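**Q** Sequence:
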Amino acid sequence: MTGGFDRIEKHIEQMEAVKNYPSLKAENEGLKEQVEELRSELSKKEDRIEKLEEKEEKLERRESELKDVKEELEKTESELKDLKEIKAFRGLSLEEATEKFLESKEAEIDERSRQKFREVKEEYEEKLPQMIEKRLSEVLAKPRSEWSPKIEELVDSKAKEISNHILEERKNWPEWFKKYFQREVSSLVDEQIDEEFKARVEERSNELAEEKLEGLKTRAWPEWYSKNVEPKINTLRDKMRENALEVLKGPWKGLKCDNCGAEKEEFVLTDAGVGNLLRKGKVELECPNPDCVDHGLFGLGSFKHQFEVFIEDLIGLKTTA
Numbered sequence: 001m002t003g004g005f006d007r008i009e010k011h012i013e014q015m016e017a018v019k020n021y022p023s024l025k026a027e028n029e030g031l032k033e034q035v036e037e038l039r040s041e042l043s044k045k046e047d048r049i050e051k052l053e054e055k056e057e058k059l060e061r062r063e064s065e066l067k068d069v070k071e072e073l074e075k076t077e078s079e080l081k082d083l084k085e086i087k088a089f090r091g092l093s094l095e096e097a098t099e100k101f102l103e104s105k106e107a108e109i110d111e112r113s114r115q116k117f118r119e120v121k122e123e124y125e126e127k128l129p130q131m132i133e134k135r136l137s138e139v140l141a142k143p144r145s146e147w148s149p150k151i152e153e154l155v156d157s158k159a160k161e162i163s164n165h166i167l168e169e170r171k172n173w174p175e176w177f178k179k180y181f182q183r184e185v186s187s188l189v190d191e192q193i194d195e196e197f198k199a200r201v202e203e204r205s206n207e208l209a210e211e212k213l214e215g216l217k218t219r220a221w222p223e224w225y226s227k228n229v230e231p232k233i234n235t236l237r238d239k240m241r242e243n244a245l246e247v248l249k250g251p252w253k254g255l256k257c258d259n260c261g262a263e264k265e266e267f268v269l270t271d272a273g274v275g276n277l278l279r280k281g282k283v284e285l286e287c288p289n290p291d292c293v294d295h296g297l298f299g300l301g302s303f304k305h306q307f308e309v310f311i312e313d314l315i316g317l318k319t320t321a
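The sequence shown lines up with residues 1 to 321 when you count with this note's numbering.
These are computed hints drawn from the structure, not numbers from a lab.
Note that the structure is a prediction, hence the values are computed from the model and not measured.
Each residue gets a CB set at the ideal place from its N, CA and C atoms; glycine is no exception.
Any given hint could be a false lead.
[Stated by the list, open to error] What follows is a list of derived Cβ distance ranges for each label pair:
#1 Glu123 x Ser145: 28 to 38 Å
#2 Cys260 x Pro143: 29 to 39 Å
#3 Val268 x Lys150: 21 to 31 Å
#4 Pro143 x Phe310: 41 to 51 Å
#5 Lys280 x Phe303: 19 to 29 Å
#6 Glu108 x Lys55: 45 to 55 Å
#7 Lys253 x Glu119: 28 to 38 Å
#8 Glu265 x Arg118: 46 to 56 Å
#9 Lys51 x Glu123: 36 to 46 Å
#10 Ser113 x Glu246: 49 to 59 Å
#11 Phe303 x Glu123: 20 to 30 Å
#12 Glu29 x Leu59: 53 to 63 Å
[Claimed, not checked] Pairs of lysine-lysine, DSS-like flavour, derived with a Cα cap of 30 Å:
#13 Lys264 x Lys282
#14 Lys264 x Lys179
#15 Lys55 x Lys32
#16 Lys32 x Lys44
Build out the structure end to end from the sequences listed, making use of the hints.
**A** Set out below in structure tokens:
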């Protein structure tokens, strides 16, 4: 009985299979087509890979050939260089050739050394001003009591040099010193030349006037000048030397922009600013007018205008104020 049921179920399965055969066949055909397409695509990929591998091999061979050519060119270049040297030595004895070879090598070494020296020198010269300015600013920012003897001597000598330069020639005197000198001279002349001396001078004849004047110029004036005027000038010069740094610090006022004429408010130079003034002989100030600007190259960007004031102008401005 059980066997009969099994046969019936198997028969039913066979009938179901026969019933679904067309759809299963169609699905199977579709899968076969997909498999064929995939096989075709895979074949194309394999061909592509094979071609790329061949191309890679060719490139590797080409790279190897180029490397060989490069080595050959370098070898040829070296041989040509050797041939040139041999040609230069042709007809020379062994000692002469050796000497010439050493001379050429020495010349090459000398040229390379000079080139290296020029590079180092240019680099050093380019950095030296910034290094000096930075170091000087750092030193001058400290109290004078902390300055080294060499720095103090350098600053004092520079201050003396500036004051001597101003006082040595009358055209360099500040206006205030000219007035002071004139007052001192007039005062001393009034004290020294009394009425009796004036009377004698007035009584001289015109014929002796030139001789008298020459005598005064060659004898009386130098003696009177060295006795009365020169000590005062020396005293003033010494005071200027002693107070040069304090004088240069300021305060400064009445300085006007060379571009717009705006007047800068009163200010005092820092020790670093005094150092720049001593080293360069001038100081750069920023214009107080916010609308006074300078433009960069080709009109790119703008920045506050700065104007220069020289040390002689500062000293004159300080003393007349």
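**Q** Taking the hints in turn, state whether each one holds.
**A** Here is how each hint holds up against the structure:
1. Glu123 x Ser145: 28 to 38 Å: For Ser145 against Glu123, whose Cβ atoms are near 36 Å apart, the range 28 to 38 Å holds.
2. Cys260 x Pro143: 29 to 39 Å: For Pro143 against Cys260, whose Cβ atoms are near 38 Å apart, the range 29 to 39 Å holds.
3. Val268 x Lys150: 21 to 31 Å: holds, 26 Å
4. Pro143 x Phe310: 41 to 51 Å: Violated, at about 28 Å.
5. Lys280 x Phe303: 19 to 29 Å: holds, 20 Å
6. Glu108 x Lys55: 45 to 55 Å: Hint holds: Cβ distance 46 Å, inside 45 to 55 Å.
7. Lys253 x Glu119: 28 to 38 Å: Cβ of Lys253 to Cβ of Glu119: about 49 Å, so the range 28 to 38 Å is violated.
8. Glu265 x Arg118: 46 to 56 Å: holds, 48 Å
9. Lys51 x Glu123: 36 to 46 Å: violated, 56 Å
10. Ser113 x Glu246: 49 to 59 Å: holds, 51 Å
11. Phe303 x Glu123: 20 to 30 Å: holds, 28 Å
12. Glu29 x Leu59: 53 to 63 Å: For Glu29 and Leu59 the Cβ distance comes to about 45 Å; the hint is violated.
13. Lys264 x Lys282: holds, 16 Å
14. Lys264 x Lys179: holds, 27 Å
15. Lys55 x Lys32: violated, 34 Å
16. Lys32 x Lys44: It holds: about 18 Å lies between the C-alpha atoms, which stays within 30 Å.
In summary, the numbered hints that this structure violates are 4, 7, 9, 12, 15.
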